[in-house]
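In order, the protein sequences belong to chains A and B.
When we follow my numbering, the leftmost residue of the first sequence carries the number 756, and every step to the right adds one.
When we follow my numbering, the leftmost residue of the second sequence carries the number -14, and every step to the right adds one.
It is possible that some hints are incorrect.
[Stated by the list, open to error] Which residues of chain A face chain B? A partial, calculated answer using Cβ under 7 Å:
1. G769
2. G770
3. I772
4. V773
No wet-lab data here; the hints were simulated from the structure.
Just so it is clear, CB atoms sit at the ideal spot from N, CA and C, and this is done for glycine as well.
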Amino acid sequence: MSEELKGYRELPIGGLIVEPGNAVTYRTGTWRTFRPVWHEDKCIHCLFCWVYCPDAAVQVKDGKMTGFDYEHCKGCGICAHECPRDAITMEKE
Amino acid sequence: MAERMALTGNEAVAYAMMQINPDVVAAYPITPQTALMQKFADFVADGEVDTQFVLVESEHSAMSAVVGAAAAGARAMTATAANGLALMWEILYIAASTRLPIVMPVVNRALSAPINILCDHSDTMGARDSGWIQLFSENAQEAYDNTIQAVRIAEHRDVLTPVMVTLDGFIISHGLEVVEVLDKEAVQDFVGEYEPAYTLLDPEHPITFGPIDFSDYYMEHKRSQVDGIEAARRVIPEVGREFGKRFGRSYGMIEEHGTDGAEALLVALGSTAGSAKAVVDDMRERGLPVGLVKIRAFRPFPYEELREALGKAKAVAVMDRSISFGAQAGPLALEVRSALYGLSLPVRDYIYGLGGRNITLEEIEDILQEALEMAKTKEAEPLVKYVSVRE
Ligand code: SF4
Ligand code: SF4
Chain A
756 MSEELKGYRE LPIGGLIVEP GNAVTYRTGT WRTFRPVWHE DKCIHCLFCW VYCPDAAVQV
816 KDGKMTGFDY EHCKGCGICA HECPRDAITM EKE
Chain B
-14 MAERMALTGN EAVAYAMMQI NPDVVAAYPI TPQTALMQKF ADFVADGEVD TQFVLVESEH
46 SAMSAVVGAA AAGARAMTAT AANGLALMWE ILYIAASTRL PIVMPVVNRA LSAPINILCD
106 HSDTMGARDS GWIQLFSENA QEAYDNTIQA VRIAEHRDVL TPVMVTLDGF IISHGLEVVE
166 VLDKEAVQDF VGEYEPAYTL LDPEHPITFG PIDFSDYYME HKRSQVDGIE AARRVIPEVG
226 REFGKRFGRS YGMIEEHGTD GAEALLVALG STAGSAKAVV DDMRERGLPV GLVKIRAFRP
286 FPYEELREAL GKAKAVAVMD RSISFGAQAG PLALEVRSAL YGLSLPVRDY IYGLGGRNIT
346 LEEIEDILQE ALEMAKTKEA EPLVKYVSVR E
């Protein structure tokens, strides 16, 4: 992500965050060493993974699990741990 | 109209605070600052200020409370001394790096151990790298004037950096002097209405103070912090000149006394500079080419001004009222030598006055006589001497 890093003159002073809701621009996906992989055939769409994910990285459409936002998923594995159907496995990046 | 009053340094600073009328003051008592806050508490009780006065359980909390208040957009102040400043340590850095324009008088006192409540500069010298601007005061009048100017300096949009105003414990804080106290309206007009650059209490523009930084941005934020305190090099004299224009007493980064044609110059901080002026005048009358350079701003340090003022002399004696343990000299002498880098000028440090040890006019004259000797021999060894220490 180095190409997006700002110079010190471009930053707000004091480490302040002056635009609200800008967490989306911070790509925590680069932290990942394991990635969650979704096995659609086993999924019952209970959305436990969506509830537990600390980074809102589980993508849901029309009440159904549809996959992961790998830009922001940091690979913590909570979703895989909580899934009642073993529909998520953690695989090394 | 300005009024001449008999005030201690503590009372003079409390008057300045009352006339500034800060939105929030949080404080915890510690000798020799206690009488300052006690006087300010009188002003609060008498309804002379609109200040929200927060009594906290420690200095760590006092600084934390003013940080919170400043982040919320308040003009916030506190005051402390010695061990109280030490207890604020963690939050001092947070105040400076969050760029909160807090003003804090510090009544200089020795740090324990052994326990000692009297004057030296160990407390604020230890905080010299915390990112705060530091203004030293020679007497109660300067402590009063500096406190008022500190508000303008701290809040200047290019600076936005907290300011410590120091006054020597007991010597200034408890000594009674004639102080010219300005009209409250004049002070209010000088400091102006506070408009915070950022505030937490603006729901239209929600912002975050104090987020986490990793290695990808921490250095950039530190570098940007440097720009703030560096801007103070320009703003401190600007505010000092404007203060002079309005009220008749001008201030800069340093003050020169008898430096014209001087061969030996003394560099000093705080109340000792006042004593040194008397010694310089006396020696000048006897035809001895000596002078004084008083440092008003220790942070940012006036490298260029000093180089210019001291560069004309042949020898420099520095008076340090604290020790930088394990260093080649005291904190002031290290900075002075750094400012003179590349010039071949003998510089000797005199460590004096620790824990309130008195410094006499005779001792200051001895130092200047030795400096005159250094000017002849060009020899600064020993680089550090301890004044009046028994062996
Ligand atoms: S927790 Fe497992 S079963 Fe439930 S929605 Fe997520 S992947 Fe599907
Ligand atoms: S691994 Fe962690 S961060 Fe990634 S989707 Fe699962 S719960 Fe969210």
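Where does the structure disagree with the numbered hints, that is, which hint numbers, in rising order?
Result: no hint breaks.
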